[in-house]
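Just so you know, the protein sequences line up as chains A and B, in that order.
Residues 10 to 121, numbered by this note's numbering, are exactly what the first sequence covers, in order.
Residues 140 to 251, numbered by this note's numbering, are exactly what the second sequence covers, in order.
In case anyone wonders, no lab produced these hints; they're calculated from the structure.
One should not assume that every hint holds.
Here are the computed lysine-lysine pairs in the DSS-like style, where the Cα-Cα straight-line distance is at most 25 Å [as the list claims (entries may be wrong)]: (1) A:Lys-31 with A:Lys-80; (2) A:Lys-80 with A:Lys-46; (3) A:Lys-80 with A:Lys-67; (4) A:Lys-77 with A:Lys-67; (5) A:Lys-51 with B:Lys-217; (6) B:Lys-201 with A:Lys-51.
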Amino acid sequence: GENVEQHPSTLSVQEGDSAVIKCTYSDSASNYFPWYKQELGKRPQLIIDIRSNVGEKKDQRIAVTLNKTAKHFSLHITETQPEDSAVYFCAASLGATNKLIFGTGTLLAVQP
Amino acid sequence: EAEVAQSPRYKITEKSQAVAFWCDPISGHATLYWYRQILGQGPELLVQFQDESVVDDSQLPKDRFSAERLKGVDSTLKIQPAELGDSAMYLCASSPYNTEAFFGQGTRLTVV
Numbered sequence: 010g011e012n013v014e015q016h017p018s019t020l021s022v023q024e025g026d027s028a029v030i031k032c033t034y035s036d037s038a039s040n041y042f043p044w045y046k047q048e049l050g051k052r053p054q055l056i057i058d059i060r061s062n063v064g065e066k067k068d069q070r071i072a073v074t075l076n077k078t079a080k081h082f083s084l085h086i087t088e089t090q091p092e093d094s095a096v097y098f099c100a101a102s103l104g105a106t107n108k109l110i111f112g113t114g115t116l117l118a119v120q121p
Numbered sequence: 140e141a142e143v144a145q146s147p148r149y150k151i152t153e154k155s156q157a158v159a160f161w162c163d164p165i166s167g168h169a170t171l172y173w174y175r176q177i178l179g180q181g182p183e184l185l186v187q188f189q190d191e192s193v194v195d196d197s198q199l200p201k202d203r204f205s206a207e208r209l210k211g212v213d214s215t216l217k218i219q220p221a222e223l224g225d226s227a228m229y230l231c232a233s234s235p236y237n238t239e240a241f242f243g244q245g246t247r248l249t250v251v
């Protein structure tokens, strides 16, 4: 079926360390892969996205990599800070309608 | 900055009653999504509109849920009758097409 799998479900790192979250998708035709950050009680907000014609994209401390052959993509956060603590969701556009399907989320805790 | 508007923010209803949520997307966004998010989980797509047409409602429980976007602008999601298991956050999002989805604040539904 059409789904997006995300791992790990929880991740605890020390401030200053790096964090990596991984997702896999099922539809080889998917061409858009956003990452959202959701703080407690707030709406999901886009932090970075990538399209299938690009292998990597970076924005300051955040980067996303895409492996189309393996159908997986990853979020990398370097030099983590306590304010990075939140739930992170990957998503992929799937199917003929490019519907946006979300992963199950990763709770990131950055310990000061 | 333009935002997706949703109302009400909170709704408490008794089981077997009808409930409706409203969403006004960002002006010019052709794609509108309704998602359900249970605490601790990722947003689950219920229905996707392209302009006034439903393009995906494969996960919408059609025996009790309905959605419409009559003029291709604002949208209403209805549940009748509500069940205890419907308690969740209902998020509306809009997008130009196959690109970043912008989320509203959501409606938190509690069914008692």
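- Structure-inconsistent hints, enumerated in ascending order: 6
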